[in-house]
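Participant: Protein chains in written order, with the working numbering: chain U, 2 to 335; chain W, 2 to 335.
The hints are simulated quantities; they were obtained by calculation from the structure and are not laboratory data. Careful, some of the hints might be misleading.
Which copy? The list can't say, so a pair holds if one copy fits it or any two copies do.
[Said to hold, decoys possible] Derived DSBU-like pairs (lysine-lysine); straight-line CA-CA distance at most 35 Å:
1) Lys171 with Lys123
2) Lys4 with Lys309
3) Lys198 with Lys327
4) Lys166 with Lys274
5) Lys174 with Lys316
6) Lys198 with Lys331
7) Lys331 with Lys4
These numbers come from a predicted model, not from an experiment.
Protein chains: 2
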Amino acid sequence: MAKILIIGTGGVGTIAGLSLTQHGNEVTFVVRSNFEELKKTGYNIESCDHGDQTNWKPHRMVNSVQEAIANDKNYDYVLVAMKALPDVFSTADIIRPVVESSPNVAIVLFQNGLNIEEPIVKAFPNNVCVSGVSMIGSTNLGAGEIHQAEPDYVKIGYFDNGSDKAPQEKRAKEFVQAYGPKFAHYVDDVVYHRWRKLLYNATFNTICSITRMDSGRLWLNGVSDSLIRPAMGEIRAIAKADGHILTEEDEDYMIDSDGEVYYKPSMLVDVEKGNLMEMEVILKAPLDVAKKYNVPTPILSVVYELLKCLQFQLKEAKGMVELPEKLERKSALH
Amino acid sequence: MAKILIIGTGGVGTIAGLSLTQHGNEVTFVVRSNFEELKKTGYNIESCDHGDQTNWKPHRMVNSVQEAIANDKNYDYVLVAMKALPDVFSTADIIRPVVESSPNVAIVLFQNGLNIEEPIVKAFPNNVCVSGVSMIGSTNLGAGEIHQAEPDYVKIGYFDNGSDKAPQEKRAKEFVQAYGPKFAHYVDDVVYHRWRKLLYNATFNTICSITRMDSGRLWLNGVSDSLIRPAMGEIRAIAKADGHILTEEDEDYMIDSDGEVYYKPSMLVDVEKGNLMEMEVILKAPLDVAKKYNVPTPILSVVYELLKCLQFQLKEAKGMVELPEKLERKSALH
Numbered sequence: 002m003a004k005i006l007i008i009g010t011g012g013v014g015t016i017a018g019l020s021l022t023q024h025g026n027e028v029t030f031v032v033r034s035n036f037e038e039l040k041k042t043g044y045n046i047e048s049c050d051h052g053d054q055t056n057w058k059p060h061r062m063v064n065s066v067q068e069a070i071a072n073d074k075n076y077d078y079v080l081v082a083m084k085a086l087p088d089v090f091s092t093a094d095i096i097r098p099v100v101e102s103s104p105n106v107a108i109v110l111f112q113n114g115l116n117i118e119e120p121i122v123k124a125f126p127n128n129v130c131v132s133g134v135s136m137i138g139s140t141n142l143g144a145g146e147i148h149q150a151e152p153d154y155v156k157i158g159y160f161d162n163g164s165d166k167a168p169q170e171k172r173a174k175e176f177v178q179a180y181g182p183k184f185a186h187y188v189d190d191v192v193y194h195r196w197r198k199l200l201y202n203a204t205f206n207t208i209c210s211i212t213r214m215d216s217g218r219l220w221l222n223g224v225s226d227s228l229i230r231p232a233m234g235e236i237r238a239i240a241k242a243d244g245h246i247l248t249e250e251d252e253d254y255m256i257d258s259d260g261e262v263y264y265k266p267s268m269l270v271d272v273e274k275g276n277l278m279e280m281e282v283i284l285k286a287p288l289d290v291a292k293k294y295n296v297p298t299p300i301l302s303v304v305y306e307l308l309k310c311l312q313f314q315l316k317e318a319k320g321m322v323e324l325p326e327k328l329e330r331k332s333a334l335h
Numbered sequence: 002m003a004k005i006l007i008i009g010t011g012g013v014g015t016i017a018g019l020s021l022t023q024h025g026n027e028v029t030f031v032v033r034s035n036f037e038e039l040k041k042t043g044y045n046i047e048s049c050d051h052g053d054q055t056n057w058k059p060h061r062m063v064n065s066v067q068e069a070i071a072n073d074k075n076y077d078y079v080l081v082a083m084k085a086l087p088d089v090f091s092t093a094d095i096i097r098p099v100v101e102s103s104p105n106v107a108i109v110l111f112q113n114g115l116n117i118e119e120p121i122v123k124a125f126p127n128n129v130c131v132s133g134v135s136m137i138g139s140t141n142l143g144a145g146e147i148h149q150a151e152p153d154y155v156k157i158g159y160f161d162n163g164s165d166k167a168p169q170e171k172r173a174k175e176f177v178q179a180y181g182p183k184f185a186h187y188v189d190d191v192v193y194h195r196w197r198k199l200l201y202n203a204t205f206n207t208i209c210s211i212t213r214m215d216s217g218r219l220w221l222n223g224v225s226d227s228l229i230r231p232a233m234g235e236i237r238a239i240a241k242a243d244g245h246i247l248t249e250e251d252e253d254y255m256i257d258s259d260g261e262v263y264y265k266p267s268m269l270v271d272v273e274k275g276n277l278m279e280m281e282v283i284l285k286a287p288l289d290v291a292k293k294y295n296v297p298t299p300i301l302s303v304v305y306e307l308l309k310c311l312q313f314q315l316k317e318a319k320g321m322v323e324l325p326e327k328l329e330r331k332s333a334l335h
C-alpha cells in the first residue's frame with residue numbers, strides 16, 4: 002500500500018486516482034476548483050476500464066497542497082496530472098512543499114510534452130522522477146463528471162536524475178504495480194515514448210488548434226498529407242538528432258490514428274473552452290532541441306508563431322494581457 | 002463621357018461608380034444582392050473624398066449582366082469590383098456577354114491579387130485590359146450603406162495583351178481621366194504595384210485571418226517581426242525573380258502601415274462575416290510564380306495550407322462541401 006497525493010484531478014488524474022484506489026493504495030486529491038461541492042458529492046465516473054462509479058471519492062480530498070501536507074508528511078508518490086503550462090506556473094514550485102515534507106517522495110509526472118522532467122530533476126535531484134505517458138481517452142465534463150471512453154494505457158519509466166539507476170527503476174516499477182499492471186506498463190526509455198507521442202501532439206494537436214478544425218476535416222482536405230506528414234518528418238528529424246528513432250510506420254500510425262471519426266485533439270478542445278494551450282511543452286520543447294542540434298523546422302517554427310498568437314488571445318480573454326489603447330506604431334500613411 | 006458598366010458594387014465598386022458619375026460618365030450598376038430594395042432606396046454613402054450622399058443612385062441599376070446588355074450594347078468600360086474567387090467562379094465567364102455585345106469595351110479590373118489579368122487577356126485578347134490597384138479604405142456595411150474613411154487612391158495601368166502598346170496605354174489614361182485624376186493615377190508598371198500591395202496582403206491579410214487576430218495584436222505579440230517580416234521577405238524574393246524590385250523600405254512601410262489602431266484586414270473581416278477568402282489570387286498566385294522560378298517559400302507555403310483549412314470551413318458553412326458521416330480512414334488503434 003502506497004500513500005499517493007494527486008494534484009490535478011481532471012480526466013487523467015481522476016481515473017489515475019480511481020485505479021490507484023482500486024489497487025489498494027491510499028489516495029489524496031488536491032482539488033482546487035469546486036472543492037466544497039466535490040467534497041460533498043464526489044465524482045461520477047463512466048469508465049470503460051475501471052467500471053462506472055457514482056459519488057465516488059478517494060481516501061481524502063483537500064483544497065490545497067498546504068492542507069495535504071498538514072494531514073500527512075509521508076507521501077510515497079506525488080502524482081502531477083495538471084496541465085503543463087511553464088509559461089504560466091512552475092510545477093516544481095507547486096510540489097515543493099510536498100517534497101520538503103515527504104523527503105522520500107517520488108514525483109510522478111502524468112503530463113503532456115517533452116522534457117517536462119528536467120526542471121523537476123533540477124529542483125529535486127535527490128528524488129526519483131517517474132514519467133508517465135498516458136494514452137487514455139478521458140474527458141472531464143465538469144462538476145465531477147468524468148467520461149473515459151478509450152482504454153487506460155500509460156507507459157511508465159524513470160527520468161534519470163543522475164544517481165544510481167537501480168533504485169530509480171525500482172521505484173518506477175513499484176508505481177506500475179501500484180497503478181495496476183493491466184493499465185500501466187514499465188518502459189526502459191520513457192523519453193522515446195514522449196517523442197513518439199509528440200508525432201501526434203506537435204502536429205495534429207497544434208494545427209487543429211490553429212485552424213479550429215478537427216483532424217477528420219484536415220484529412221478530408223488533404224492537409225494530413227500536405228502539412229501534417231512533413232511536420233511529423235520534422236519531429237522525426239529532431240528526435241533522431243536527440244538519439245530517438247521514430248519510423249515511417251510510427252508516422253503512418255499517427256496519421257490515421259483518429260480513424261473514421263471527426264476527432265478534436267485536446268488543445269483544440271482547450272481553445273474552444275478558452276483554456277490556455279500546453280504549447281510550450283508540446284511544441285517549444287522539441288523546437289529547443291532542434292535549435293541545439295541545428296535541425297531545420299520550417300513548418301513547426303511557423304506553427305509555433307501562430308500558436309503564440311492564439312495563446313495571446315486566450316490570455317487576453319482571461320485578463321492576463323493588458324492592451325494599450327493606441328499602439329506605438331508609426332505609419333507613414335497616417 | 003464614357004458608358005461604364007460596374008459589376009460588384011460593394012465598398013470599392015460603389016465609390017468608383019460615384020466618382021465616375023461625378024466626373025460626367027454614364028454609369029450602370031449590376032446589383033445582385035438586395036436589388037429591389039437598392040433600386041428603390043439607392044445608396045447612403047459617407048465618403049471623405051466624394052462627399053456624403055443620401056439615396057444616391059447611378060444612371061441605371063440592373064439585376065444581371067443579361068439585363069445590362071439588353072439595355073446597352075456600347076459600353077466603353079466594364080469595371081469588375083467583385084471579389085476575385087477563381088476557385089469558385091470565373092470573372093471571364095461573367096463578363097463574356099458584355100465583351101461579346103460591346104466588342105470595343107475595355108475591361109477594368111479593380112480586384113485584389115496577382116495575375117488576375119491573365120485569364121482575362123487570354124479570354125479576350127482583342128480587348129484592352131486595364132488593371133487598378135485600389136488603396137481605398139471603404140466598407141460596405143450592408144443594405145446600401147457605404148463608409149469610405151480612407152482616401153480614394155487607385156493606381157491604373159494596362160496589362161499588356163500583346164498587341165500595340167500605344168492604344169492600350171491610351172485607353173488606360175482615358176480611364177484615369179474618366180475616374181478623376183485627383184483619385185486615379187496612371188502607372189507604367191501596374192504589375193509592380195500589385196506585387197507591392199501583396200507585401201501586405203499575402204502576409205498580414207492571410208496571417209490575421211488564420212489567427213483571427215488584428216494586425217495590432219500581431220505587432221504587440223512580436224509576430225510582426227518574427228513571422229510577418231520574413232514572410233514579406235519571401236514575397237520580395239518571388240517578386241525579384243519575376244523582375245520587380247521591392248525594397249526594405251517598402252517592407253518597413255507595410256509593417257507599420259496600420260499605425261496606432263487595431264486594424265482588421267479585409268480577409269479577416271471576410272472570415273468573421275463567413276465570406277470566402279480571396280486566397281487564390283492573394284497567396285496562391287505568388288506561390289505559383291515562386292514555383293516557376295524555384296524560389297523557396299517555407300512560411301507562405303505553410304500559411305497557404307492553413308488557409309485551405311479555413312476556406313474549407315467557410316465553404317462547409319455555406320453548404321458548398323459535403324462531409325461523409327464516417328471517414329474512410331483506417332486506424333490501427335480502433
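Participant: Evaluate each hint against the coordinates.
Facilitator: Status of each hint after checking the structure:
Taking identical chains as interchangeable, the C-alpha atoms of Lys171 and Lys123 lie at most 35 Å apart only when both belong to the same chain, with a minimum of 21 Å there against 75 Å between chains. In this assembly of identical chains, Lys4 and Lys309 lie within 35 Å of each other by CA distance neither inside one copy nor across copies; the values are 39 Å within and 51 Å between. Only between protomers do Lys198 and Lys327 lie at most 35 Å apart by alpha-carbon distance; the minimum there is 25 Å, versus 43 Å within a single protomer. With identical chains, the CA atoms of Lys166 and Lys274 are never at most 35 Å apart, being 42 Å at best within one copy and 59 Å at best between copies.
Taking CA atoms no more than 35 Å apart as the test, Lys174 paired with Lys316 passes in neither setting, with 39 Å inside one copy and 52 Å between copies. Only between protomers do Lys198 and Lys331 lie at most 35 Å apart by alpha-carbon distance; the minimum there is 19 Å, versus 45 Å within a single protomer. For a Cα distance limit of 35 Å, the shortest separation of Lys331 from Lys4 qualifies neither inside one copy, at 61 Å, nor across copies, at 42 Å.
In this structure, the hints that do not hold are numbers 2, 4, 5, 7, in rising order.
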